[in-house]
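Please model the complete structure; the sequences and the hints are all you need to start from.
One point on numbering: in full-length UniProt numbering, the residue at position 151 of the sequence shown is 151, and numbering is uninterrupted.
Accuracy of the hints is not assured; some may be wrong.
Unchecked claim - Quick list of simulated restraints, FRET-style, between CB atoms:
hint	residue 1	residue 2	range
1	125	102	29 to 37 Å
2	192	224	19 to 27 Å
3	101	248	48 to 56 Å
4	96	120	30 to 38 Å
5	90	60	40 to 48 Å
To be verified - Keeping only pairs whose Cα atoms sit at most 27 Å apart, straight-line, the calculated DSS-like set for lysine-lysine is:
hint	residue 1	residue 2
6	210	147
7	210	171
8	194	133
Derived from the structure by calculation, the hints contain no laboratory data. Idealized CB from N, CA, C, for every residue including glycine.
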Amino acid sequence: MLYSVLTMSMLRKCCFCCLNEVKGMDINMKKFIIVIVFVFLIAILISFNYLLWDREKQIESYQNMKQSNNLTIDTLSEKMTNLDKLNKELATKVETLTNDNEAMRQHSTKLNNENAELRKEISARKALIIALKKTLNISPMNMVIKKWTEAIAARNYESALNFISKDTSDKTLPKDVKELKELYYNEIKDIKLKAAEPYIELTDEEHIKKIQLKAVFEVVKPESTEDNKVTQNIFVNGTNEKYITMELNLYSGEWQILELKGEP
Numbered sequence: 001m002l003y004s005v006l007t008m009s010m011l012r013k014c015c016f017c018c019l020n021e022v023k024g025m026d027i028n029m030k031k032f033i034i035v036i037v038f039v040f041l042i043a044i045l046i047s048f049n050y051l052l053w054d055r056e057k058q059i060e061s062y063q064n065m066k067q068s069n070n071l072t073i074d075t076l077s078e079k080m081t082n083l084d085k086l087n088k089e090l091a092t093k094v095e096t097l098t099n100d101n102e103a104m105r106q107h108s109t110k111l112n113n114e115n116a117e118l119r120k121e122i123s124a125r126k127a128l129i130i131a132l133k134k135t136l137n138i139s140p141m142n143m144v145i146k147k148w149t150e151a152i153a154a155r156n157y158e159s160a161l162n163f164i165s166k167d168t169s170d171k172t173l174p175k176d177v178k179e180l181k182e183l184y185y186n187e188i189k190d191i192k193l194k195a196a197e198p199y200i201e202l203t204d205e206e207h208i209k210k211i212q213l214k215a216v217f218e219v220v221k222p223e224s225t226e227d228n229k230v231t232q233n234i235f236v237n238g239t240n241e242k243y244i245t246m247e248l249n250l251y252s253g254e255w256q257i258l259e260l261k262g263e264p
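Encoded structure:
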């Protein structure tokens, strides 16, 4: 606005000056010169106003840009603050995980050491059990097996049943007299124990806790007929090698037969 006022003032001064200069000229020439001067001044005024308008637009644009930049800076500052906070949280989590991993590693090392000690202890106990088995007096067990074979050979199945453990799950050692007779009556005509010795070759968890004997039997089987068909072949004619698991009856203190197998 101030620029417009100044421009108008300058325009008036220029007009007055022009009028003073053309006093001595022809009137038509005076009018023409005045019009030319006026048009020229108007053009200058319009150009000057345009420059002022453009300048104001630039200033307004700069102000808008400044505000936008300020908003962008504020947004970036907020994001940086959030990122710093997130980084601190992540650093805390990483530290926690690192501590947890270290604790787990130490615990794992401790467990591995304990397992190694347990394996040593188990190995030592196995060695002790094997040593005890080697020095075990098997005469009472041999006597039980011998009496069982004698009862089977004599077909005295009630007596044979007394030498079989009640805890057995072996199908070749029925816990019922009738079933025992049905199984062995047509299976064995005569059976004798030739030899027996401790079997300690297998030392896995299943066998280490067993007391096994490797026994050799001499068997005579009855002739097979239509009337005495054998439903299950336990023995063969001649020499038979069997693996017998023995169990001590805690109530009677007597050894009993728990398993009768063709393999250990």
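Cross-check of the supplied hints:
no. : hint                   : verdict
1   : 125 to 102: 29 to 37 Å : 35 Å, holds
2   : 192 to 224: 19 to 27 Å : 21 Å, holds
3   : 101 to 248: 48 to 56 Å : 51 Å, holds
4   : 96 to 120: 30 to 38 Å  : 36 Å, holds
5   : 90 to 60: 40 to 48 Å   : 44 Å, holds
6   : 210 to 147             : 21 Å, holds
7   : 210 to 171             : 18 Å, holds
8   : 194 to 133             : 21 Å, holds
Comparing the model with each numbered hint stated earlier shows that all of them hold.
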